[in-house]
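Undergrad: Position chain B against the provided structure of chain A, taking the given hints into account.
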Amino acid sequence: MTDATALPLPAPRYRGLMDWLTTTDHKKIGLMYFWFVVIMAIVGGAMAGLIRVQLAMPGATVEALQQAALTGTTALNLFSDDTGLFADWGGRHLYNQLVTMHASIMIFFVLIPGFVGFANYIVPLMIGARDMAFPKMNALGFWLLIPAALLQLASFFVAGGAAASGWTAYPPLSLKEFSAGPGQDMWILGVHLVGVSSILAAINFIVTITSLRAPGMTWGKLPLFAWATYFVSIIQLVATPVLAAAVTMLLLDRNFGTTFTKASQGGDPVLYQHIFWFYSHPAVYIMILPGFGAISHVIAAFSGKRVFGYTGMVLAIGVISFIGFIVWAHHMFTVGMPLWAQAYFMYGSLVIAVPTGIKVFSWLATMWGGTLRFTTAMKFACGFISMFVFGGFGGLFLALTPIDMTLHDSYFVVGHFHMAMVGGSVMLLFAMTYYWWPKMTGRMLCERQGTWIFWLMLIGIVLAFMTMHVTGALGMARRVPVYFKDFLILNHISTLGYVLTFIASLWFVVDLVRSYWRPPVTENDPWRVNDVQQSFEWATSCPPPAHNFDRIPPIPILDPKR
Amino acid sequence: MSASSISPPDRGAEEHGAGHDHIHLPPPSIWPLVTALGLTIAPFGVVSLLGGLSGWPLLGHPSVGLLATLLGLAVFLVGLMAWAHQNIVEKPLAHDPIQQQKDLQLFVLLFLVGELAAFGAIFGYLFYMNAVDPSFGPPRDPDFPYGGPLAAIATFLLLSSSVTGEFAHHAVTHGRFAFARLMLVLTLILGAVFLACQGFEWGEFIQRGFTPLAIPEGGMSSFAAAFYTGTGFHGLHVAIGLVLLFLAWMRMEAGAYRDGRTFSMTAASWYWHFVDIVWVLLFITLYVFS
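Respectively, the protein sequence lines represent chains A and B. Last residue of the first sequence: number 562 in my numbering, and the count goes up by one each step with no gaps. Last residue of the second sequence: number 1290 in my numbering, and the count goes up by one each step with no gaps.
Chain A with its partners taken away, still in its complex shape (with noise of 0.2 Å):
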């Protein structure tokens, strides 16, 4: 076999911006992936802290609301009607738009293609491929979330502004006879963008997992990013049609009449609550299981160790994502289901810890008598870990339907699904950044920086979500704007834990762009871990060529299980 280096290339056919809008590179696009999603998490992430100065500062207090309906004054609200700051924008109505479409840009356009974009640009590198298996399709699946999040963002600009009935689009609420603005349906057609562009990614990766591993890339030594992509990949495939045909049903009943979900005409406003959960609740694990995968090779790597208990670590990850299917009633304990099928969401949810703790266990144990290095990708990973246990166990006690129906739509429950996506899914994103990005650019990120940044988060993401906990059960409600007195201290609290993240975020995307200054890395391996890896991705260059590997496979494969 002679040199394939000196073989011809063909030549690029465009060069600037022509060469990124129309190309097929996988790398290429998964960093169009990654700075969308960084500029869609700063515009989430700006909305929610208008939520978040809101609660800092009510102005009103339930009680104060109260006095002044009694004596027919106008208490003073940053969201109230007719005074407040934003009271030209839709007042009070506002704050249920921003709450939506936090939600709706935190889940859509961050995390789902956070996990996405990086998982484009790292797995045909691990695995040794050339490209994804379907080129083209990669590209349509990530131009297609752009005229979604055109669709949701714009729609804050129509009649009635966006859609303001939660993320979770129940009916009636988001029937015309509460949201008669055109904002809900924009919000509906830019989740079926999403949906086809999901789908389109889950296709790609199944395929190109399955047929392009390089020969000696068995399945048994398939990278654990990998296996939890290919896995995630088949939640999205399933799921995801599942919920465009719940938001399809909405369409349909809001505009053309049909009685999918109006109960007066013998529809089920709760039946849509099931199939939109059958889609939501995989859409969890869609959200955090990739950077499960991920977070395994982070923590190998800086323990100097292989993975503990690869199979394991690839078993969970399956078991999680079949009974991730067939749990999703836990979100509506309070509809009221007949007791039996309670009972049985109670315990389907309780068994989803036994997959996770094994992951959790043996992340813990490949660091057992590890040669540790704290460099701020290990950082974030452990912080991941310490922080999502706690996001993980907030679960458990939600998942005990007599529990939930106490906790159920309070503070609680927003102070758990933050600690699982904030200290779970964005800190994973944050090690994967740290970790990757010397491969990714070919620049490093500040170390120094990083620290400072890490524990910002850290102990912003403990100031804002562990306070939530305290809040909810002592009664405080979400989605509402105001509340009793007794809970401003605990706002002001998770307030100013949202400003430290907030700051830390933003210092993490000025650090980004100024690595592009930076002197390029000259190894392949800049972190020094091939020796603990079983994947390719730091046998080439950083950033890796247009080709990827001069030679298929470049280096012996490591077997995971030994």
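Treat the hints loosely; a few may be bogus.
[Said to hold, decoys possible] Here are the computed lysine-lysine pairs in the BS3-like style, where the Cα-Cα straight-line distance is at most 30 Å: (1) K1091(B) to K28(A); (2) K28(A) to K262(A); (3) K1102(B) to K1091(B); (4) K305(A) to K221(A); (5) K1102(B) to K221(A); (6) K262(A) to K176(A); (7) K1102(B) to K28(A).
Please keep in mind that the hints were generated in silico from the structure rather than gathered at the bench. Note that the structure is predicted; figures quoted are calculated from it, not measured.
TA: What follows is chain B alone, placed relative to chain A:
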């Protein structure tokens, strides 16, 4: 670590690169972006058409919205067709034609799994409503022609078309193009007659007051919504399947299948079988159980 756990580094290079004189990279393409552009224009057009963008420049008028919807769909279709054309032009560049065919077939199978999940939501709706709501169901009037012979005949036609479609597929893969032509035409006719039956039945139902929004004699209109959405969504798939079969026929006439790479025919025929299977399930849930 034992030596046996290490794969020989060069094995792959030999297998993978053998017989190829350069590294194959996917060529760039503008068409994914054009396709996405069509899907950017169309939804804004739809919202405008529904009267949602009043106050916006241009798109504030629903008539502009209608134009934008059509323009968006046109751009989308042009993007898709140019994309397909580019793939056909690039066909000789395939790195590993056999593997490529397998990958494409896996793509179709996975796509159909996704489609099945979408139909699954409709079945879930029907099963759940049947279970919890005794008043959920078709018109009660015994004279109402619901589930009459027309539906049975249509089902029989569609099932037959699946058989002829498979004959066509088999003939194409074995290079018997004349027989394939006959079978394809027969499949197209059967499929079109099925759609006509469906349309006729809809017309008859609507005349008697069983519309997408209502059921005669005060029945629950949620069944009407599910019936028309289910059969309509399926009918849309039949129409798409007919287009795919027609395109496969045209590809055959253009001589595209002479090299044994018959993916588009395989895809069209699998899609057609899928449409058929979904219809059987729909027929059972809508006509037999309800």
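Undergrad: The structure should be examined with respect to each hint, and the outcome stated for every one.
TA: So, going through the hints one by one against the coordinates:
A hinted pair counts as satisfied when its Cα atoms are at most 30 Å apart, and K1091(B) with K28(A) qualifies at roughly 24 Å. Distance check on the hinted pair: K28(A) and K262(A) sit about 46 Å apart at the alpha-carbon level, beyond 30 Å; violated. For the hint pairing K1102(B) with K1091(B), the CA-to-CA distance comes to about 14 Å; that is within 30 Å, so the pair holds. This hinted pair checks out: K305(A) and K221(A) have alpha carbons roughly 16 Å apart, not beyond 30 Å.
The hinted pair formed by K1102(B) and K221(A) meets the criterion: a straight-line CA distance of about 23 Å does not exceed 30 Å. Taking the CA atoms of K262(A) and K176(A), the gap is near 11 Å; set against the 30 Å cutoff, the hint holds. For a cut-off of 30 Å, the pair hint linking K1102(B) to K28(A) stands: about 26 Å separates their Cα positions.
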